[in-house]
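Taken in order, these protein sequences are the chains called X and Y.
Just so we're aligned, residue 1 is where the first sequence starts under the numbering used here, counting upward by one.
Just so we're aligned, residue 1001 is where the second sequence starts under the numbering used here, counting upward by one.
Be aware that a few hints might be false.
The calculated lysine-lysine pairs, modelled on DSSO-like cross-linking and capped at a C-alpha distance of 27 angstroms, are [said to hold, decoys possible]: (1) Y:Lys1127 - X:Lys286; (2) X:Lys165 - X:Lys293; (3) Y:Lys1010 - Y:Lys1026; (4) Y:Lys1026 - X:Lys293; (5) X:Lys293 - X:Lys166.
To give an idea of the interface, some chain X residues facing chain Y are shown, with a C-beta separation under 7 angstroms as derived from the structure [stated by the list, open to error]: (6) Ile40; (7) Ala109; (8) Gly113.
These aren't lab readings, by the way, just hints derived from the structure by calculation.
All values reported here derive from a predicted model rather than from experimental measurement.
Built from N, CA and C at the ideal position, the CB exists for glycine as well.
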Amino acid sequence: MSGEDFDFLLALLLNGASIGMMYALIALGFVLVYKATDAINFAQGEFVMMAGLIAAAILGIEGAPLIAAIVAAVAIMIGFGFALERVVLRPLLGRPVVAVIMATIGLAAVLRGLTPVVFGGETRALPLPIGDEPITLGPMSLAPIQVLGMVVTLAFFLGFNWFFKKSRMGVAMRAVADNQQVAQAMGINVQRYFALAWAMAGIVSAAGGIVWGSMLGVDVHLALVGLKVFPVVILGGLDSIGGALVGGLIIGIVESLVAGYVDPYVGGGTKDFVPYVLMILVLMVKPYGIFGKRRIERV
Amino acid sequence: MFHREAGVFKTTYAADMALYPLPIAKRTVIILAILFGVILPLILPEYHLSILNLMFIAIVGALGLNILVGYTGQISLGHGAFMSVGAYTAANLAVRLDLPFWLTLPAGGLMAAAIGVLVGIPSLRIKGLYLAIATLAGQLIIEWTINHVPAISGGAQASIQVARPTVFGYSLSTQAHLYFFLLFFAVLAIIVTLNLMRSRIGRAFVAVRDQDIAAEIIGIDIFRYKLLAFAISSFYAGVCGVLYTYYFGIANYEQFQLIVSIDYLAMIIIGGLGSVLGTIFGAVFVTVLPLLLRLVLENVGSLFFSESELANVISGTRLAVFGGLIIVFLIVEPEGLNRLWRNIRSYFRVWPFSY
C-alpha cells in the first residue's frame, strides 16, 4: 500500500468515525427510551428534526443569541418528551409491542406532516460560530462541525455514564429498566422515571438536532438520519448505551469505507444501502446485537 | 351485515363458521352485488368511479396486510416495497414480452410473494420490534435496488409505461371499464380472505398471533405458517401493485415508498385489525379522507397560505391527520371502525327495547 492510499484510508476512517459518533448521539436517545420503558421510538429522527427546526427558527429571529436558541430547543424538547409520555405512551402501557411501534410511527407521521404547515417548506440554515476552516491533523482534515459533533457525543456519553453509575436518579432508572415490579416495590415511582426517560431522549435529540442541522441544513429531510439509528442500535444492542457508541462507530466507518472504495465502481449511493444489509445479517446471526441483553421467552 | 337476529340458535360448529350466518345475510350480499355491479356504474360519473376504483385497489392491498398483521400478528413495514416488486414485475413482462394481464398479474403476485418470504425469514428468529426493523430494512433495500438497477426500473425516472389491460379483446380505456375489472379483483380478494380465515390455515394464523410458543407446542409448524403468512400477504400486495400499475398506466417507484407502507398500516388500524369488514372500512376511509382534506383546504386554506405553499400544506396535513388518527385509534378504539360498527349494530339489535 503506497503512502497516498494509506492517507486516503486514514481519511476515510477518521471521517467515518466522526459521522459514526454523530449517529451514536441520535441512537443514544433511542436506547435511553428503550432501556427504561421498553418502548420503541420510531420517531427518533423526527425528534431530531423538530429540535433542529426550533433552534433554526429562533436563530432566524433578528438578534437572537445562539444560547437562547439552544436553551429553547432543549426546553421545548424536554416538555415535549414529558407531554408525549403522558398523552400517548402511558395509555398504551401493557399493550402489545406492535401497538407502541405503530403509535410512534403515527407520531413520526404527525411531526413530519406538521413541519411544512408550521415552519414552511424551505431549508433553513443553522449557523454555529465555529467557522468553516477545516481542522487539519497531519494528512487528515475534518470540518469543525464534525469535531464539535464528536466532542458533544463524547460529553453526552461520559455524562450519562456518570449519571447511571453515580447519581441516585440514574441508579433508580437502572432499577426500573431491570425489573419494573421490583423497582416499584422498592419505592421507586416507575411512571415518573418513564417520563424522565422520554425527557432525556428529548435533550439528546436537541443536541443531535443542533449538530446535524448545522451540518446538513434543517428541513424535513433531516428526519431521514433517524433511519440510520436502526442499524446502529441493532448492531450495538438495543438496551446498551455503550453499544450505541460502538454500533455508531462501526456503521459510520463501514459507510465511509464503501463510499470511498465501492462507489466509484457502481455509480454511487451504496452508503444508503450497506448499513441495512449489515443490519439484516446481524439480525439473522445475533439478533440481540453485540452488547444487548438476551431475552428468554416463556409461555 | 344489516340484519337483526332474534337470538343465537346455532348448534353445530359448521353453522357457526358459515359465511352466511342467516339466510337474510345472503340477501344483503345480493343487494350489495346489484348496487355495486349494476346501479353505481350506471349512475356515477367518471370521477366518482375513479375514486371507487382506487378503493378497490386499496382493499386488495389492505386485506393482504391485515392477513399478516391482524391475523398472524407479524408486523411489516415493507408492504410498499412488495407492491413495487409486483408492479415492476408485471410492467417488465407486459412491455418486454407483451404478455396479457392474466399472466402478468399472477406473475407479479408470485414474485412479490417470493420476495416477501425472503424478507419474512428473519421472523423465525425475531419478532415484534426486531421484525418491524427488519421489514423496514427490506423496504429501504428494495426501494434502493429498484431505483439503482436500470434492468428492473427501465432507466430514466425509474418508471415504465404500461398499456391498459385488454379483456376478451376490449381495451379497458375508461374508468367505467376499469371499474368492473378492479371490482372483480376486490371481490375475489374479499371472498378468498373470508374463506382462508375459516380454514385450517386461518386458524393456525390466529393461534400464532395469540401466542406463538403455545401454538408450536400444540403442533402448529410456526416456521411454515409464518412464512406462509408472509407469502400470502405479499402476494396480495404484489397484485395490488400490479393493479396500481394498470390503473395509472405507469409503474413508478415513487408510488411505493415507505409512506405507502404506513398508509396501509393506517388503513388496517383505523379499520380494525383482524377483520375483513374492518379492512374494507379502513381502505374506504383512507382513500376518501385525503380527497375531503384537499377539498376543505383548497377552499379554506387559501386564507392562511399562499398558492405555492398550499400543495406542501395539503400533503403535510394529510400525513399529520393519518398519523394522528393512528394514535387516536390505538389509544381510544384499538379494534377500529369495525368495533364502532359492531357497537352500532348491537345497539340496534335490541332496539327499541334495550333491556
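The hints, checked one at a time:
no., hint, result
1, Y:Lys1127 - X:Lys286, "holds (14 angstroms)"
2, X:Lys165 - X:Lys293, "holds (18 angstroms)"
3, Y:Lys1010 - Y:Lys1026, "holds (17 angstroms)"
4, Y:Lys1026 - X:Lys293, "violated (54 angstroms)"
5, X:Lys293 - X:Lys166, "holds (22 angstroms)"
6, Ile40, "holds (5 angstroms)"
7, Ala109, "holds (3 angstroms)"
8, Gly113, "holds (3 angstroms)"
The earlier numbered hint that this structure contradicts is number 4, and it is the only one.
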